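Protein chains: 2
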Amino acid sequence: MKNNQFMKKWLEEIEQYLVSMIDGLPSHQEKLQSAMKHVVVGGGKRIRPMLVLASAQVCGAKPKDVLPAACALEMIHTYSLIHDDLPGMDDDSMRRGKPTIHVLYDEATAILSGDAFLTIAFEAICQTKEVEAKNLVQMVQALSKASGARGMIAGQMLDIASEEQSLTLEELKQIHQEKTGKLIQVAMQIGCLAGNPSNSTKEALEDFATHYGLAFQIQNDLQDVLWDSQKTGKETGKDQALEKNTYPSLMGIAGAKLALEEEVMACQKSIEQLPLTSDEQLEAAQFLADSLQYLTI
Amino acid sequence: MKNNQFMKKWLEEIEQYLVSMIDGLPSHQEKLQSAMKHVVVGGGKRIRPMLVLASAQVCGAKPKDVLPAACALEMIHTYSLIHDDLPGMDDDSMRRGKPTIHVLYDEATAILSGDAFLTIAFEAICQTKEVEAKNLVQMVQALSKASGARGMIAGQMLDIASEEQSLTLEELKQIHQEKTGKLIQVAMQIGCLAGNPSNSTKEALEDFATHYGLAFQIQNDLQDVLWDSQKTGKETGKDQALEKNTYPSLMGIAGAKLALEEEVMACQKSIEQLPLTSDEQLEAAQFLADSLQYLTI
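Chains as they are written, first to last, in the numbering used here: chain A, 18 to 314; chain B, 18 to 314.
Watch out, some of these pointers could steer you wrong.
[Unchecked claim] With the C-beta cut set under 7 Å, the calculated list includes, among others, these residues of chain B facing chain A:
1) I128
2) D132
3) G212
In case anyone wonders, no lab produced these hints; they're calculated from the structure.
Keep in mind the model is a prediction, meaning the values are calculated, not measured.
Note that the Cβ used here is the ideal one computed from N, Cα and C, for glycine as well.
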């Protein structure tokens, strides 16, 4: 993965854009800026913005032109982590091996930093200037639906409500589709809106996103059971302690591993369906293929 | 105020639109829907959406066409109240004479309801279909700037930081400009973006918004000192107990009352500058004039 050319090109640009948005806030907001940077600088694999850039490239757009919208996805993801970690939610004191904002600063700063990331994501979309206004409006609409009470927030509510219940596999899938899947899907959708994809390209990217989202969550659940805290930077065994419903708890570890493999294979098939012509498109598709390495266990 | 024709026409439509957006959320989200309705139904004077509708009418647009964007302002305002009331922020147990969400439901539901209102506001803007896409993009941009870390969130951070400090009047004004003023200003701006105002109309509306925002906050501070909890539905004397900086504490009660009168007079002058031709425009301007009744003490 480290040698992937597409990733090498864009990872640094994503971080620079995120930092520039925070640096661009009013100068009297040092505490807010510092809290926002604490959580966003050097953190995470940037998978959502990378998926926007790769799908945009596959759809014939220039990744550079869609960088702000790509970063909007990372901002939404970041806000969700900050609010999930709050004492009134999961009450996590560590994230990616670092103390969470409410521990390092205070709870009000954590709430407001989350709100700030959520709000600035929509400002970032509007900075995607090379994209036509009507497509920008569709991006805003898609992002608000996927991350709001029709998507991620709905999933979060269901997740909390299910903590002391036993779920069926179908119910678990619904939670994950809303909590994680829709944001992955909207990343690919935003990439499509930046370009001019054929129907078959669009369908293949949609397919990829659906299976990627599922694989992502199965792998996350498996990691939580199998890995130690040094590797993930989170306290592990936590989901089990909370009696959360996870793929391993519903399917067994072997069953969850098999389901993960199947989803990854479905992702590979979707990539094979993409009609790729230019070197740039091939490079972006290679990123999609290589990013499946993240989903191994 | 109760007899204002423009308000009579639109108050009910605003509530209906807000309720329809909540009802339109997925049916398995009863708890979230119920928490969101608890805080938004029958609550508040809807001053921000009414200002959008009135300024749109003054600018030659049809208020009906801009109703979703107007309601977006109420959604942003509502989210800010929910998050401000959280235990990690002001820890208020009552709002508008009713228990706050974290008291009636739980803290996670309060955090997520606030997030949901903030997110759905941008979806609402995109539903403002009679407005050109390029103007919708400007609305999204203006709203995210005014409510995010360049506006309301910045003001909230400053407000918290100033709790144990003595501020100058200039510093207090800056906090209020960010915390309250910018959202009032963006309401008028969004109204302008829905229509086709002349420069003089635009300037007069901007002027109105600036003075209205200031008057709004001075009056709020005065109420907090002078009124009892029955009237405001909030616990009073709280700001003083927290040693917050308020207009009355910096200017004295008489000084604050005088400042309030001056701001209200400046609002009246701005309304007189508006070039009004149609009956509908006169009616909308009458609403702006009548709404100054809210700012008396």
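Right, here's what the structure says about each hint:
1. Among the interface hints, the one on I128 of chain B holds; its C-beta lies about 6 Å from the nearest C-beta in chain A, closer than the 7 Å criterion.
2. Interface hint status for D132 of chain B: upheld, as the beta-carbon distance to the closest one in chain A is roughly 6 Å, under 7 Å.
3. With a least beta-carbon distance of about 18 Å to chain A, the hint placing G212 of chain B at the interface is violated under the 7 Å criterion.
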